[in-house]
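Peer 1: As they're listed, the protein sequences go chains A and B. Quick note on this note's numbering: the first sequence kicks off at 3 and runs consecutively. Quick note on this note's numbering: the second sequence kicks off at 3 and runs consecutively.
Keep in mind the hints are simulated off the structure, nothing from the lab. Remember, it's a predicted structure, so these values are computed and weren't measured experimentally. Treat the hints with care, since some could be wrong.
Heads up, the list lumps identical chains together, so a pair's fine if it works in one copy or across two of them.
The calculated BS3-like cross-link candidates involving lysine-lysine, where the alpha carbons are at most 25 Å apart (straight line), are [stated by the list, open to error]: (1) K44 with K658; (2) K205 with K155; (3) K205 with K16; (4) K44 with K57; (5) K264 with K155; (6) K662 with K77; (7) K671 with K77; (8) K676 with K155; (9) K77 with K672; (10) K662 with K672; (11) K59 with K36.
Protein chains: 2
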Amino acid sequence: MAANNINQCVRDMKDARERSTAAPGVMAQVLRGKEEWQTRRKISEVMSTDPVFDKSKRPFLSRSESYHTGLANMKRLVELSYAHGWSEGDFNVALSLIDEWLPFNLHATAFHPVIMSQGSLEQVAEYGSRSAHHAIIGCYAQTELGHGSNVNKLETTATYLPNSQEFEIHSPTFTSAKWWIGGLAKTATHAVVQAQLILPGEKNVGPHLFIVQLRSLETHEPLQGISLGDIGPKAFNGFSAVDNGFATFDHVRIPRSAMLSKFAQVTPEGKYVQPPHAKLSFGGMIYIRSGMITQAGWVLAKGATISIRYCTVRRQGGEDGTMERQVITYPSVYTRLLPALAKAYAFILLGRDLSGLFHSMSSRLARGDTSLLAETHAISSGLKAVVTTQSLDALETTRRSMGGHGYSAFAEVGRIWAKHVPSATFEGDNYVLDGQVVRAALKSLRHLQLAGFAAPPLPSSRYLRLLAPGTSRPAFRSDANWEDPSVPVLLLEWKAALLVEAHARSVQSGNIVAGLEHRVALAVTEAFMATRIEDSIQKLASLPPRERKVLNELLLLFLLTSLEAALSDIFAFSLIQPLHTAEDATAPLREAISRICRSLLPEAIALTDAFGFSDWELDSSLGVYDGNVYQALWDRAQEEPLNQRQVVEGYAEFIKPILKMGEQAVRAKKDRAKL
Amino acid sequence: MAANNINQCVRDMKDARERSTAAPGVMAQVLRGKEEWQTRRKISEVMSTDPVFDKSKRPFLSRSESYHTGLANMKRLVELSYAHGWSEGDFNVALSLIDEWLPFNLHATAFHPVIMSQGSLEQVAEYGSRSAHHAIIGCYAQTELGHGSNVNKLETTATYLPNSQEFEIHSPTFTSAKWWIGGLAKTATHAVVQAQLILPGEKNVGPHLFIVQLRSLETHEPLQGISLGDIGPKAFNGFSAVDNGFATFDHVRIPRSAMLSKFAQVTPEGKYVQPPHAKLSFGGMIYIRSGMITQAGWVLAKGATISIRYCTVRRQGGEDGTMERQVITYPSVYTRLLPALAKAYAFILLGRDLSGLFHSMSSRLARGDTSLLAETHAISSGLKAVVTTQSLDALETTRRSMGGHGYSAFAEVGRIWAKHVPSATFEGDNYVLDGQVVRAALKSLRHLQLAGFAAPPLPSSRYLRLLAPGTSRPAFRSDANWEDPSVPVLLLEWKAALLVEAHARSVQSGNIVAGLEHRVALAVTEAFMATRIEDSIQKLASLPPRERKVLNELLLLFLLTSLEAALSDIFAFSLIQPLHTAEDATAPLREAISRICRSLLPEAIALTDAFGFSDWELDSSLGVYDGNVYQALWDRAQEEPLNQRQVVEGYAEFIKPILKMGEQAVRAKKDRAKL
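Bound-form chain A, shown alone (with noise of 0.2 Å):
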């Protein structure tokens, strides 16, 4: 009897539905507000039986043809925005929900915001309407071929010519290309482009922003002096529908009225007027990498969903009777996808307070207290970098978790990984991150000294308050109470606090210490991270009893398989004390692990479910709902092109020359065998 019957998946998944005591739709609450969800159902309706929108087709298409079929989905959603009369949120959440970086996301994204936050009076009222309507399609130029993360040394300038009171844009140099830039190769109409603006007497006041005009709104054709491209096609395959381009500027004229001047200013004669606060600026970026870590967190609960619904109706080895055992069943496969799908529930969590804290700085900035400013900074650089490569590494976790079919296009979670995948190098480079974590810790830790450790530090210097003298360290030993979430917090923050500390003395000794930084950036976020799972664990109170026992259970996972991945550090300030030395002193976090993930394991379906994924939205053969996967994946195979005819195309000038020389050879062997 065949296990990996078809009508087998589908009672399968019915059952794991059936066996899970919590509702998914009160979980879903958690993850998303009410309205949220009201607002996703109405716009999914209308999209998701539209055939531009159909998904099915992407992964047959050449880079050019996702291009073109990426335009027919911006139309179709700007026609669709206005006969449904959507708001700019609504339009947002249709983006989200195509689930593929469009030609002009970055103008909705990059271009619409910096516009709305950083122009003057004027600026807003003349390209924020046409901005907001896409009477023009703008996209964000900072980058350049020579420069990334370094931004105050971007080589494209912005000289100011007080006779005529223009700036002429130009590209100095060979690297001075703008490169990477969304949407600029083919789509776009306007750019803000980052550039050193110089100012009379050949003075260089930094970089600043200009809205340049690139092609004329009549014919499409690049004005004069500017050459515009695209750089080609990205890795993985991602991002195909954007014509990320490349523009050179040779000594192109704007008028002064086109630099965003919300905060400095270049007065008629040419003198520079200072912005009021060096950092204001910063608030964007914060926003942008608040959006980042929601964002990774939904990304990560699709590659969940998707592997979770399929290790449950995949059978494989382990025979019970006649049936093989369901995949998921196996602790090498639980113990990797739960802990996943933990991590997306963490992260989505985290994004929506990192929003709040994001909004409560706004208002406070608003207000010109630029106190939060900083400390916000930090986190959201540090956040950024742990949770998009947590979630890559977790994606790519539940891809593989699939066997062989994983690596099918069908499965869709390649496709993710791919599109996601450059969040670890886009709005700051990881690595580059850290260091400003660091740096700001190191600070924290300096001014509390010099406090005596009086002041209250900030929330995400909490940690820091063990490092008070007289403070004593915890003896947890390796059988401590892991059900407990206050001891994996705590030796998280203890952990980050002794780094930070060990970091702070090298940095006097001027020792090396390879990976340190990285170390501690990670400790730092990871405290900040746990305590704020934490507090959410005691806003679960609210909710019924089961889904609230589930949902503790599986924030409870995400500390405990955040500190296994941090043992070697807690070992390395003996943080943990062995029971005897001659064992595994790790076993009873492990054992712990095991037995929430058996817990869990009923409950993952429901889990998954309450991420309200749709089929259509999914396009996964393996993730679909009902379970019928097989199907699923031999109905995708029989649209492939190759499917087209029965002898391909290339047999009679490849192939079947092949075969004769071949034939040849054998019969020329045989003859002078003969011989």
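Since chain A is already given, all that's left is putting chain B on it; use the hints.
Peer 2: Structure of chain B alone, referenced to chain A:
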């Protein structure tokens, strides 16, 4: 002054070459024998100038175009092999230089070898020669839609019909369709099919191999009863030139002579003749895996070469004078890249080592001696899993170290990873292999215990000697002499021994410790790897002093970073004692790693040059030999198909209407405001 000046790039690369003290040519001899280098050079010269083997257009191809190009490559290879009288070995070198799986790669690596090794003399005579000359093109049809790892449960049947002395090949269920088979969809004329052999009386004697003709050699149409098709694109755009296919068989008759019968046989009456040893066919698997180890090393060598070259000429931040800093000089960069480079060398050496073991096992097997079979099989399982997983991680590390440009398809590392990543799941899913390693280790432990630790353990179980009663555990302190290779080796051996012992205990007690099996398998394999690398260090003695010193340090770096990655398990058994509990007990080890990295840094370019990749072979804009990376990126981008028109094809249909709708909306809004 622009730091990323293109002339500066070339100068930086030249300087880096001049700075190194070790000669690439000398180090190259450690990686391949002299003859192997000569063969590669000879074949590379022919291929690199042939337009059919131009690699530069690959990123622009659709899947169907990739397949088509793959066929063109095949035909040209066959032509060249006739023209130049290439041997089978030469032909395989040519295949590896292409570095893209072609539709007939599985013909060369599976179909042909399995016929030669498992066919009877008659079968070798009939099929072997035709296969060698590509008068037939074959594939290896094992995996099914419903079954991969559990080969015993394959559903395809081969029922023997004594009356006609035929087998009937049949796909009895939906999930029994052969699936994933490289070359099956559109290219292969024949398949070796794995099917349950059913003898008269419905006696199932398990999976056996059968040669089945799939297509007419005249028309290429599938033969009656056989349905063939392509399973669709793969994740990350990987394997895009290969027509991985499906097949179903509807009562297809083949002659009795079509069962591969070097070992097991079926008599005309339908009696089963047992093979002399159940696991004789394991030999092939071990051979394939030893190739995979070496291959993983060379794959990583490419990533390391590209990334180290790019980071040598890329300058960013941290100015000294007017010039920005070479990215490779940042500790966070070189402490990632040099360990990856060390892994590449170590894996290449380990692969050669395993080939040696394989050959000595084979010659014993030929004498009927199976004593080394189980042992070599277990080692090969462990090495395959560890080396593929670690090389993939390290490869992605080399890509991310390049920051933004690493995500360009022209960097090439993404494509290499996409092609390499299924090696973690095929030829044994790495997580399934863990189980095999653990079972073998527990068996070795029991043997030794029964023998009172008297019998000398086999090479791969040498670490178990440490469990002999009375062996005292070493007392390593955190400031041990980390420059002595025997220190990390002994620690890794102790860790393996104690983990195996702990696992044996947990099996007895029934406690489930999450992840323990993986930790044991990893530990056992790493201990073996470490001892072999220690041997390799001994063998460097014959090299000239400068190269010996450099390679010594590189392999020591491999050992120390392996230990670093294993620290949590080292501490779990208290194998390293801190000097003071308040200090980072890992600092001295990591200071040693830093020191070695700094010492190796000036040799990095020479160490990558020793891999001997030509620009044609690498096909990477960021890894060009002369360092002129920006020019290379620029030139490649100009070839992008989207750049062949200034105003893109979809403009009139999509972009213009969006802008027009927007313009109207803005005007309507203004009009309303006027009212």
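Peer 1: Is it within, between, both, or neither for K205 and K16, if the alpha carbons may be no more than 25 Å apart?
Peer 2: For K205 and K16, neither the intra-copy (70 Å) nor the inter-copy (35 Å) Cα distance is at most 25 Å.
Peer 1: Given a CA cutoff of 25 Å, do K59 and K36 count as a within-copy pair, a between-copy pair, both, or neither?
Peer 2: neither (33 Å within a copy, 49 Å between copies)
Peer 1: As a check of your reading, is K676 near K155 (CA-CA no more than 25 Å) within one copy, between copies, both or neither?
Peer 2: neither (77 Å within a copy, 46 Å between copies)
Peer 1: When no copy is specified for K44 and K658, does a C-alpha distance of 25 Å or less occur within a copy, between copies, both, or neither?
Peer 2: Neither, since 55 Å and 28 Å both go past 25 Å.
Peer 1: Within, between, both or neither: how does the pair K77, K672 come out at a Cα-Cα threshold of 25 Å?
Peer 2: between (66 Å within a copy, 23 Å between copies)
Peer 1: Tell me, please, which holds for K264 and K155 at an alpha-carbon limit of 25 Å: within, between, both or neither?
Peer 2: Within. Shortest intra-copy distance 23 Å satisfies the 25 Å Cα cut-off; inter-copy 69 Å does not.
Peer 1: What label fits K44 with K57 when the C-alpha limit is 25 Å: within, between, both, or neither?
Peer 2: within (19 Å within a copy, 47 Å between copies)
Peer 1: With 25 Å as the alpha-carbon cut-off, assign the pair K205 and K155 to within, between, both or neither.
Peer 2: Answer is within; shortest intra-copy Cα gap is 15 Å, inter-copy 76 Å.
Peer 1: Measure nothing new, just compare the shortest in-copy and cross-copy C-alpha distances for K662 and K77 to 25 Å and report within, between, both or neither.
Peer 2: between (52 Å within a copy, 11 Å between copies)
Peer 1: Pop the pair K662 and K672 into one bin, within, between, both or neither, using alpha-carbon distances up to 25 Å.
Peer 2: So K662 and K672 pass the 25 Å test inside one copy only (15 Å; across, 74 Å).
Peer 1: Should K671 paired with K77 be assigned to within, between, both, or neither, using CA atoms and 25 Å as the limit?
Peer 2: between (64 Å within a copy, 20 Å between copies)
The earlier numbered hints that this structure contradicts are 1, 3, 8 and 11.
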